[in-house]
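Whenever a hint applies, use it, and build me the whole structure from the sequences.
Number of protein chains: 2
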Amino acid sequence: MSAPRPEAAAPAIDFYFDFASPYGYLASVEIDAIAGRHGYAVTWRPFMLGAVFKLEGPRPLVDYPLKGAYTRRDVVRCARRLGIPFQLPEGFPRALLAPARAFYWLSDRDPALAKHYARAAYAAYFGAGRDISRPEAAAPLGPAVGVAAATLLAAIQEPAIKERLKQETDAAIGRGGFGSPFLFVGGEPFWGADRLGEVDRWLASGGW
Amino acid sequence: MSAPRPEAAAPAIDFYFDFASPYGYLASVEIDAIAGRHGYAVTWRPFMLGAVFKLEGPRPLVDYPLKGAYTRRDVVRCARRLGIPFQLPEGFPRALLAPARAFYWLSDRDPALAKHYARAAYAAYFGAGRDISRPEAAAPLGPAVGVAAATLLAAIQEPAIKERLKQETDAAIGRGGFGSPFLFVGGEPFWGADRLGEVDRWLASGGW
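Residue numbers (our numbering), protein chains in the order written: chain S, 271 to 478; chain Z, 271 to 478.
Just so you know, these hints were derived from the structure itself, not from any lab.
Note that the structure is a prediction, hence the values are computed from the model and not measured.
A couple of the hints might just be wrong.
Listed next, the in silico DMTMM-like pairs over lysine to aspartate or glutamate satisfying Cα-Cα at most 25 Å (straight line) [unchecked claim]:
{"id": "1", "chain 1": "Z", "residue 1": "Lys-324", "chain 2": "Z", "residue 2": "Asp-440"}
{"id": "2", "chain 1": "S", "residue 1": "Lys-324", "chain 2": "Z", "residue 2": "Asp-333"}
{"id": "3", "chain 1": "Z", "residue 1": "Lys-432", "chain 2": "Z", "residue 2": "Glu-468"}
{"id": "4", "chain 1": "Z", "residue 1": "Lys-436", "chain 2": "Z", "residue 2": "Asp-378"}
{"id": "5", "chain 1": "S", "residue 1": "Lys-436", "chain 2": "S", "residue 2": "Glu-326"}
{"id": "6", "chain 1": "Z", "residue 1": "Lys-324", "chain 2": "S", "residue 2": "Asp-333"}
{"id": "7", "chain 1": "S", "residue 1": "Lys-324", "chain 2": "S", "residue 2": "Asp-380"}
{"id": "8", "chain 1": "Z", "residue 1": "Lys-324", "chain 2": "S", "residue 2": "Glu-326"}
{"id": "9", "chain 1": "S", "residue 1": "Lys-324", "chain 2": "Z", "residue 2": "Glu-326"}
{"id": "10", "chain 1": "Z", "residue 1": "Lys-436", "chain 2": "Z", "residue 2": "Glu-458"}
{"id": "11", "chain 1": "Z", "residue 1": "Lys-324", "chain 2": "Z", "residue 2": "Glu-468"}
{"id": "12", "chain 1": "S", "residue 1": "Lys-436", "chain 2": "S", "residue 2": "Glu-406"}
To list a few chain S residues with every Cβ distance to chain Z over 12 Å, as calculated [what the hints assert, rightly or not]:
{"id": "13", "residue": "Thr-313"}
{"id": "14", "residue": "Arg-315"}
{"id": "15", "residue": "Gly-327"}
{"id": "16", "residue": "Ala-365"}
{"id": "17", "residue": "Ala-390"}
{"id": "18", "residue": "Ala-424"}
{"id": "19", "residue": "Ala-430"}
{"id": "20", "residue": "Arg-434"}
{"id": "21", "residue": "Asp-464"}
{"id": "22", "residue": "Glu-468"}
Yeah, the Cβ is synthetic: ideal placement off N, Cα and C, and Gly gets one too.
Shown next as structure tokens:
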């Protein structure tokens, strides 16, 4: 599981997202294909938007009366365009620490495996609308990527992994990331699932 | 000036924007061409985002530490891609009531003229970075569209025109508009300059 990764040779885009973010889900289904077309790899980096809310003051999108109503409609429309399933999960919005912690534990062992886990987590949460916020709900996604649920449950509760997620969140914020998805192409920041087309053009042209 | 407009025959997109919004400026240079390709006209409708801020609680984008820094960079990058001049105006962000009032006074006489005025106002404000917030600064843009500055200055101060802008703002909010630009294609809402490509596809396909 710790063999050298082919990705290590390619320039990498940092893809910051929160598992609780529907726009992160939308971006997750497209970003690797877009980057791959231009010879870029993508490093997935879940982080916690809650830390941004504390800093910047806003609330989750859906908590605003007008913006919330729009967002609930928009994410469904975007998913329909992409041809992917979408449902707002039970209890949404809710902080999704457990899958983010599981992700980093897996990532330290095999980044590709962690990405598979992230896709499975998003598919469960926004594809099937299943609440995966509790460790006991995030761990059973392990077997789908070859890791026993009990192993992942223990991993999620490791203090080092909890600290790791905090550090990744601080790093995202330190680089200016405040939303999900938030992409860095080199030093160039792009915010929002609706900017993937712009990222595509940026990678194709080397910037403008 | 009140002759029937060719636009009246075409289905119309409502383009809500605030003159103080840089993303409104970005959208303003593209929206008519995009709509026109699909046989749509565009009805421009300035409104006051300040009323949304009172309702929803957020502040202007640039007042958030992280989001503000990103926005200041992003609008410059977007303008560069579009090949249009851009500078953040002196005193930005500031409420731009005067040009919005001038717009509606002109629009009641000739919507096409009002659109020319809006383009001139955006070019002055975000293209040249010139503060046009005061009536005495918004009125001198009149002669560029054939209206004397003194006439426009008097118009901006008419109680009926002030009331008109309030009503348009209430109507935008009543329809769920909370940002700039905010577009309605029939009942379908689209928020943000970064959604113009999606609007283009929506018009081409009749929705999805």
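Here is what the structure says about each hint:
1. Lys-324(Z) / Asp-440(Z): Since the Cα atoms of Lys-324(Z) and Asp-440(Z) sit roughly 12 Å apart, the hinted pair holds (cutoff 25 Å).
2. Lys-324(S) / Asp-333(Z): holds (15 Å)
3. Lys-432(Z) / Glu-468(Z): Between Lys-432(Z) and Glu-468(Z) the Cα gap is close to 34 Å, so the pair fails against 25 Å, i.e. violated.
4. Lys-436(Z) / Asp-378(Z): holds (15 Å)
5. Lys-436(S) / Glu-326(S): Since the Cα atoms of Lys-436(S) and Glu-326(S) sit roughly 17 Å apart, the hinted pair holds (cutoff 25 Å).
6. Lys-324(Z) / Asp-333(S): holds (15 Å)
7. Lys-324(S) / Asp-380(S): violated (32 Å)
8. Lys-324(Z) / Glu-326(S): holds (18 Å)
9. Lys-324(S) / Glu-326(Z): Between Lys-324(S) and Glu-326(Z) the Cα gap is close to 18 Å, so the pair holds against 25 Å.
10. Lys-436(Z) / Glu-458(Z): Holds, at roughly 23 Å.
11. Lys-324(Z) / Glu-468(Z): This hinted pair is violated, its Cα atoms lying about 29 Å apart.
12. Lys-436(S) / Glu-406(S): This hinted pair holds, its Cα atoms lying about 21 Å apart.
13. Thr-313: holds (20 Å)
14. Arg-315: holds (16 Å)
15. Gly-327: Gly-327(S) is in fact no farther than 12 Å from some Cβ atom of chain Z, at 7 Å.
16. Ala-365: holds (19 Å)
17. Ala-390: Nearest chain Z Cβ is 27 Å from Ala-390(S), so the label holds.
18. Ala-424: Nearest chain Z Cβ is 35 Å from Ala-424(S), so the label holds.
19. Ala-430: Ala-430(S) is indeed farther than 12 Å from all Cβ atoms of chain Z, at 27 Å.
20. Arg-434: The claim stands: Arg-434(S) keeps its Cβ more than 12 Å from every Cβ of chain Z (closest is about 22 Å).
21. Asp-464: Incorrect as stated: the minimum Cβ-Cβ distance to chain Z is 4 Å, not above 12 Å.
22. Glu-468: Incorrect as stated: the minimum Cβ-Cβ distance to chain Z is 7 Å, not above 12 Å.
Comparing the model with each earlier hint shows violations of hints 3, 7, 11, 15, 21, 22; every other hint is respected.
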